[in-house]
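Undergrad: Chain residues, written in single-letter form:
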Amino acid sequence: MTQWGSPYKMSCHLYLVDPDTWETGSRVASVKSFSMSRSGTDQVPLLESCTFEMSNAEAAREGSRWYRMVAHVAQKNSVERVPIMTFLRSDESKDLKTTTVTKGSGYSTLKPADLVRITTGDYAPKGVDGPSFAKKLLADGGVLAPIEVVGSFKLSDYVVFDPGMTYLEAAWDVLDSGGWVMFIDPNGVITIKEKPKEHDLLLDRTNAKLIRNDVKESFDEISVCNRYIVPNGSDTVICVNDLEDSRMSVQNRGFMVDCVDTSPTPVDGESLDHYAMRMLKESSIVQHKYNYTRRFYPGILPFSLVKATVGSLGFVGDLRVLSQSVSFGSGGVKVSETAAYEEVTYDPWQLK
Amino acid sequence: MAAEMNDFELDEFVNGIRSLLDYEPAENEMAGVVTKTDSNGVKWVRLAGSPADTPAKSSAVTTKTGDLVQCRIENNVCTIVRNLSSSSVTVSLLGKAMTAMVSGDTGKLSTEYGNFDDLKALNASIENFSASMASVKYLKANYIDAEAIKATYMTAETIRANYMLAETIEATYASLAYLQTYYITASQIAAQYLSAQTANIQYLQADFGNLNAATANMIKVRDLFAKTGLFEGVTVLGDGTLTGTLNATLLNGDTARFSNIYADAIKILGEDGLYRALNLRGLDTGEQQILIDEYGESLEGGIHGSHILAESITADKINVTQLATVLLLAQYMQVGATGGVHIESVGNRLSFLIGGYSLSTAVDDQGNPYMSYVAVTPSGNENPQQSGWYELESGEYVRSADTIVDSLKTYYRLVSTFPSDKAVNGEVAFISVNELDGSSVFYMTNEIVLKNLRFGKWVWFDRNSVLNPTNTNMALKWVG
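As they're listed, the protein sequences go chains A and B.
Quick note: the first sequence, position 275, residue 1075 per the working numbering, numbers continuous.
Quick note: the second sequence, position 111, residue 146 per the working numbering, numbers continuous.
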């Protein structure tokens, strides 16, 4: 096993992927450069994408197929093969006169389900197992990669899909209703599970050196709600953050910021009052974003939890990874990552 | 029979029409029909274009099964936002209004646009009449302008036609500007232009002829155009020109000039049976000849010349004593089949297969060059058990011992007060220098506690070292 905190040497190679067995096939070529972006925000339902450069001669040998980027990591005269990303090779461009390099890009294994649209009026039934239903949507949408489900939750209400929505967007809607997410591992395997509550990386004194010395923090509080309104005819529910100990309460801020919810989705048996309080708690979270570069460390994906225990890094606590970009090239491996610490400013149950 | 609408119905109808006209559905709205209400009070709607029912909420709109409704899908909830069936414009009210409009007090139908499945009228006076098909028993018209007329029998006083197609024409006298016919029986024909399927002619003289097959003892032709031709001998007088393709077994001539020659084989024989020259440079000196014998198969002389300029050379074997001082490869060079030697270069990287090992240059996570190797079986599979890497000495990463020592002497004075009990957060490289012969050993790590260093070690910090903030370049430091 490679010790990622210790020196190592790495080269990157492209392999074909057998679409039937999903096993790594024959080696295609070494790439000149490879970079990938991963994001867990709503705007990027595909979760990850990549760009790469290879020679024209190598690019011409294969067509649009499934590929796996594998790093050969050498340390102490042993070589370990570490998968980096599995992708569907897509659009390419090359200047036939002035260069010998083909630039290409790749989509994540979720891409097929983003190309097929659901039938008007389709919905996820109330009471079904949400993760399993999302898995079925992905499979029906044409996803070839293995899909694993860890755990379950029941849908508290019908989830009706917007007309024109893709199978992938529909699957995300089902998972969103339970606060669940998807992960894509470097082999392209999709895992459906809850957001991790245990950290995937502990930045203690030993691992602190994985982080470079350019940590930046940013946050935006102006849109954080301190009043949550659920219109319901004459019985409109209004929940106000008026807690003295909350720095985002109406009296402590001196002004009100409203969130209006015209389509409330309370869970089974939940009153509208309780629902409004719960939603105000979620809407009054201040997200402190940390942007930093670090050494390569596999297994850290969007939604992963990074726990920092060393004060010298500039932050201490649990960080949820929002996005990251990883580039492999002549400059070595560079990882730029954005993670967020979520400050809960309204929690009436804990404060009682 | 005139339909009756009282004032209340008329107001209801007009207001209903206005509300329908004023209502603009949002993009996420669509029509549907309520199919049922289940035991939990959920309305089920068959949306337009959907093959199945969809659960819907209708808290603000009263509906019943069978109602035509407008639904909005938003935030994963389908909501009935309007009951179209309970609109003021009901089907029965609409029927009444239509009946009143058609057969009202005037008894006249006045409409800008009408679409009828069946229209019957005793008398019809139509300004413009357009029909995809009309069946008329008796048609009397002052003027008929038609693209085609098909008639079983027609009697006409005068027929004028630009083109006529007839199976039989019987005429006492015919004066024709152009005649095309399958068979002609005539004692004499005098025609300016004649077109015939078959003609057997003893003597033909024509200004212009277009013949599928001709059998003649002699033909005088000014211009001859033929798709195929069999000629015993062709003689072109003057500066004749042949265009298109000429197929011939043998061509004899004093001089032949062609823009392009495409041939399976070309043999050029001189007086002594030898090929003389092709594309000569320096014709007068005769130095730039390419010599072969008259039998191409037994070529022994090879190709001799001062320069061979070619964009591509394909050969099973190229025997070269000296290829070039510098070999430039634009993309890659491959020699032999799989298992042979394969050299490939992309950008500043080089990989090749030799001696059963695949070798490739690359850079490590710090951007420094090295070469990795992995054994390759005869079947082409890589064996990771036989693999490893070597450092490549290039760039400023590894320097010669003399350069290192010179650098060390410079930086030694700068860091003589370096705190020896601090840990370094950053990349650190060590160079162990043999003071006797100046040789050095190089290795690196991420973190080191300097107080554990032994004397005689050179330490190289990178520019990111937090303990070396003032030095923007690489710093080599002596600890001892």
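Treat the hints with care, as some may be off.
[Said to hold, decoys possible] Pairs of lysine to aspartate or glutamate, EDC-like flavour, derived with a Cα cap of 20 Å:
#, chain 1, residue 1, chain 2, residue 2
1, A, K926, B, D88
2, B, K92, A, D1014
3, A, K926, A, D985
4, B, K71, A, D957
Hints are computed from structural coordinates only; laboratory data are not their basis.
These numbers come from a predicted model, not from an experiment.
Undergrad: Take the hints in turn and mark each one as holding or not.
TA: To see whether the hints hold, each was checked on the structure:
For a cut-off of 20 Å, the pair hint linking K926 (chain A) to D88 (chain B) stands: about 14 Å separates their Cα positions. Restraint check: the Cα-Cα separation between K92 (chain B) and D1014 (chain A) comes to about 52 Å, which exceeds 20 Å; the hinted pair is violated. Proximity of K926 (chain A) to D985 (chain A) is assessed by CA-CA distance (about 30 Å); at most 20 Å being required, the pair is judged violated. Under the criterion of a C-alpha separation no larger than 20 Å, the hint pairing K71 (chain B) with D957 (chain A) is consistent with the structure, at around 18 Å.
Checked against the numbered hints above, the structure breaks hints 2, 3 and satisfies the rest.
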